[in-house]
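Protein chains in written order, with the working numbering: chain A, 1 to 287; chain B, 1 to 294.
Errors might be hidden in some of the hints.
Said to hold, decoys possible - Result set (EDC-like, lysine to aspartate or glutamate): computed pairs, CA atoms no more than 20 Å apart in a straight line: (1) B:LYS131 to B:ASP64; (2) B:LYS131 to A:GLU196; (3) B:LYS160 to A:ASP181; (4) B:LYS228 to B:ASP251; (5) B:LYS270 to B:ASP260; (6) B:LYS131 to A:ASP204; (7) B:LYS170 to A:ASP181; (8) A:LYS192 to A:ASP181; (9) B:LYS228 to B:ASP210; (10) B:LYS160 to B:ASP183; (11) B:LYS281 to B:ASP260; (12) B:LYS228 to B:ASP183.
FYI, nobody ran anything at the bench for these hints, they're computed from the structure.
Note that this is a predicted model, so its numbers are computed, not measured.
So the chains spell out like this:
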Amino acid sequence: MKAFARVSMGPAAFAAIVVLLAIVPLTMPPFWVTLGNYIGLYSIVALGLVLLTGVAGQTSFGQAAFVGLGAYTTAYLTTRYGTSPWLTLPIGLVITFAVALFLGFITLRMRGHYLPLATIAWGISLSLLFGNLDFLGGHTGLTGIPPLALPGFELKSERHFYYLIWAIALCALWASSNLLDSRPGRAIRALKGGLEMVEAFGVDAARLKIVVFVYAGLLACVSGWLYAHLQRFVNPSPFGIHQGIEYLFMAVVGGAGSVWGAVVGAALITLLKQWLQDLLPHILGRA
Amino acid sequence: MVLLLQRAREGVWPWLERLLPKRASPPVPDAAPLPVRHKAAGQGARLEVDAARKQFGGLVAVNDLSFEIRPGEILGLIGPNGAGKTTMFNLISGALRLTAGDVRFCGASIGGRQPYEIARLGIGRTFQHVKLIGSMSVLDNVALGAYLRSEAGVLRAALKLDRAEEARIKAEAARQIARCRLDAHTFDAAGSLALGRQRIVEIARALAADPLLLLLDEPAAGLRYLEKQELAALLRSLRADGMTILLVEHDMDFVMGLTDRLVVMDFGEKLAEGLPAEIQKNPVVLEAYLGGVT
Numbered sequence: 001m002k003a004f005a006r007v008s009m010g011p012a013a014f015a016a017i018v019v020l021l022a023i024v025p026l027t028m029p030p031f032w033v034t035l036g037n038y039i040g041l042y043s044i045v046a047l048g049l050v051l052l053t054g055v056a057g058q059t060s061f062g063q064a065a066f067v068g069l070g071a072y073t074t075a076y077l078t079t080r081y082g083t084s085p086w087l088t089l090p091i092g093l094v095i096t097f098a099v100a101l102f103l104g105f106i107t108l109r110m111r112g113h114y115l116p117l118a119t120i121a122w123g124i125s126l127s128l129l130f131g132n133l134d135f136l137g138g139h140t141g142l143t144g145i146p147p148l149a150l151p152g153f154e155l156k157s158e159r160h161f162y163y164l165i166w167a168i169a170l171c172a173l174w175a176s177s178n179l180l181d182s183r184p185g186r187a188i189r190a191l192k193g194g195l196e197m198v199e200a201f202g203v204d205a206a207r208l209k210i211v212v213f214v215y216a217g218l219l220a221c222v223s224g225w226l227y228a229h230l231q232r233f234v235n236p237s238p239f240g241i242h243q244g245i246e247y248l249f250m251a252v253v254g255g256a257g258s259v260w261g262a263v264v265g266a267a268l269i270t271l272l273k274q275w276l277q278d279l280l281p282h283i284l285g286r287a
Numbered sequence: 001m002v003l004l005l006q007r008a009r010e011g012v013w014p015w016l017e018r019l020l021p022k023r024a025s026p027p028v029p030d031a032a033p034l035p036v037r038h039k040a041a042g043q044g045a046r047l048e049v050d051a052a053r054k055q056f057g058g059l060v061a062v063n064d065l066s067f068e069i070r071p072g073e074i075l076g077l078i079g080p081n082g083a084g085k086t087t088m089f090n091l092i093s094g095a096l097r098l099t100a101g102d103v104r105f106c107g108a109s110i111g112g113r114q115p116y117e118i119a120r121l122g123i124g125r126t127f128q129h130v131k132l133i134g135s136m137s138v139l140d141n142v143a144l145g146a147y148l149r150s151e152a153g154v155l156r157a158a159l160k161l162d163r164a165e166e167a168r169i170k171a172e173a174a175r176q177i178a179r180c181r182l183d184a185h186t187f188d189a190a191g192s193l194a195l196g197r198q199r200i201v202e203i204a205r206a207l208a209a210d211p212l213l214l215l216l217d218e219p220a221a222g223l224r225y226l227e228k229q230e231l232a233a234l235l236r237s238l239r240a241d242g243m244t245i246l247l248v249e250h251d252m253d254f255v256m257g258l259t260d261r262l263v264v265m266d267f268g269e270k271l272a273e274g275l276p277a278e279i280q281k282n283p284v285v286l287e288a289y290l291g292g293v294t
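The following block holds chain B by itself, in its conformation from the complex:
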């Protein structure tokens, strides 16, 4: 028994399974699209952060920060390590609760809402540390993103009465995978992909939820140069489709060529805001990043 637990964590079955003939995964059939969210063509900001504040005990991680994201733009939220970027990200996604202030999405307050409520409203996200189910295929991982756009329950699923909806979910997932140019990996186990590809699978998964706003938490961290370029090209093409994106990033080079506007944070406060070219010349920003050596 002990030997088994050490040698074969997954039990005897996977070992037996290898003896069975392998079946090729059937191609994903085309099916009617899932219901699509009404894309509000509002003029106002997509997301407004209004004097957001987060304190952990005596530490003020985010100090009365305000900014807005306009429809169809890529906004970069940058800053040195420990500036409070990820905390701010979590305040928007609902993983953390605001101490004070408010966050409004398409005009409606989402401060203090649960993550699943925020997801339902149309905010998709990725994770700084990739959170995919490695043993599941890329297709299944992406299909999880469409959870809220479908409704089959346990009973319907167990009795196989969900096949029509299931086909639509799979078709939608396949479409998002193609949109992210990952078609070649549709049936591969997500864990077998390189980190750069896994990050893109996370984006495809978020897209499968049909979001109005995409939150990306340090998507370029740990990527190689070519992977970064692929990622940037993908984000540009999403913007061309009208997607609004908040990019929380540490890597200055990556955001400079990609974003429409930048918000720079340091010590929980807003240091500067503006076009990438302006930020690049801003002496306050340079000092924060280079530690005043210049």
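With the rest of the complex left out, here is chain A:
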């Protein structure tokens, strides 16, 4: 019975969460809306990691690099060529798809300690790449990214952006929990039982691992695209290995076995960081 509740949630509980999320920008001060935005962005990335690490058992420290791919793709194309942000999202997804497919192909055959080490390696190299390519603005980054706009309406305010972020986050949560409770989802959950077992039922485990890896990469890319248009500015530091580790923290803290764990983890880590930043100067500053 527990396993069922884990992948799906009652419609009533889901509706309650939606209502709760919807009233935050209406009632809370702007500071909380900003935090809510970040929690939403982080949740999307952590959700990919819940599937990849928590369910499929493949540890990745490099998710921040995929966030960077999404952010830099849109930043570069919109500032340099004036491409519409709605067009840069699919372009970013295609690029991430190709990169994730390639990285997944060469790293996911590794087991034990080697896989996390390999993800650290490409996580570092991608973020260094962002900082050292002149056309991407080097370590100063790219500024002047246009805001997202619907016909006759610009999503400039954080409150408006909040709704976009959480609409996407909830869609991702919905799709991911559907996925887990399905034929491929069962196979993904069974990967932990050993390759010999899943292959005895006709599952192509190597291919399935790459599929999950690409799925997690695409979620990270969407989060990066949102981030770039929320901040309207990108530089390499939020896409480094440090942030990659933080994403993994979120997935683990929240509960690496369930999709809602991603949201809980992202919220906890974000709030805790904020709280510690407020608190530590009080403790250490006077010492």
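Fit chain B to the known structure of chain A by using the hints.
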């Protein structure tokens, strides 16, 4: 953080989840059956092992072994520890590759094929060390067995366009669970069941793939007397339905009353073959099992 990793490996969510009201699992609705394999009513052997040989370096684990399994019978492959039974099992299931010789299934060679290809052809298996996903319900574990009989991909699943097929998979899983008389545990986490029941869940999972041949790797190992009897009754009822079964087993008492024929292995070679009653009196077999003390 460290405290959390030590105290709550699964993170904060399962703890929060306990605060939510529990929902009863809905009963599995009936749905149209999944496509069924054409049961070839061939007269020939279902499985032929033809001079199979497996060497690990200098060690010959299986030495030119030949035997066949006829449709609708339970064949027992027995022998003392280290006789090469499990190696032979893995050669059939595709987990290991033959050094020489061949294995034919319904007349077609399967030597050197990948495990998933062999599964596709209609050979179901269980594992010596139970390999279930403990956190998943019995229903989900069994439903995994029907993987090859369905086709929904990631995109269809994520957008919830797979519900019709999903209902058929679940209904099929529920049917196999009922066939194995595990209905009472359908929604329990597989890890919460006793070992004997878990072994039967593995059989239900293999049955969900609609196999023509069932390979069971030491299904009675570690079971209590009553559990063994339940298992034997299940295997008898499967045979009555026309299932062909290869039983690799260490426990002589268990196989004697159950199997139609026996193949006895020792040191990778075939020691004897015949009806259980003949094997029981065979002096060579007795010597191998009792170490020549008699």
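Comparing the hints with the structure gives:
1. B:LYS131 to B:ASP64: Violated, at about 30 Å.
2. B:LYS131 to A:GLU196: At roughly 9 Å apart (the allowed maximum being 20 Å), GLU196 of chain A and LYS131 of chain B satisfy the hint.
3. B:LYS160 to A:ASP181: The given pair, whose Cα atoms are some 10 Å apart, holds under the 20 Å limit.
4. B:LYS228 to B:ASP251: 10 Å, holds
5. B:LYS270 to B:ASP260: Measuring from Cα to Cα gives roughly 17 Å; hence the hint holds.
6. B:LYS131 to A:ASP204: 17 Å, holds
7. B:LYS170 to A:ASP181: Since the Cα atoms of LYS170 of chain B and ASP181 of chain A sit roughly 11 Å apart, the hinted pair holds (cutoff 20 Å).
8. A:LYS192 to A:ASP181: 16 Å, holds
9. B:LYS228 to B:ASP210: 24 Å, violated
10. B:LYS160 to B:ASP183: With a Cα-Cα distance of about 27 Å, the restraint between LYS160 of chain B and ASP183 of chain B is violated, given a limit of 20 Å.
11. B:LYS281 to B:ASP260: 16 Å, holds
12. B:LYS228 to B:ASP183: 19 Å, holds
Consistency note: the structure conflicts with the earlier hints numbered 1, 9 and 10.
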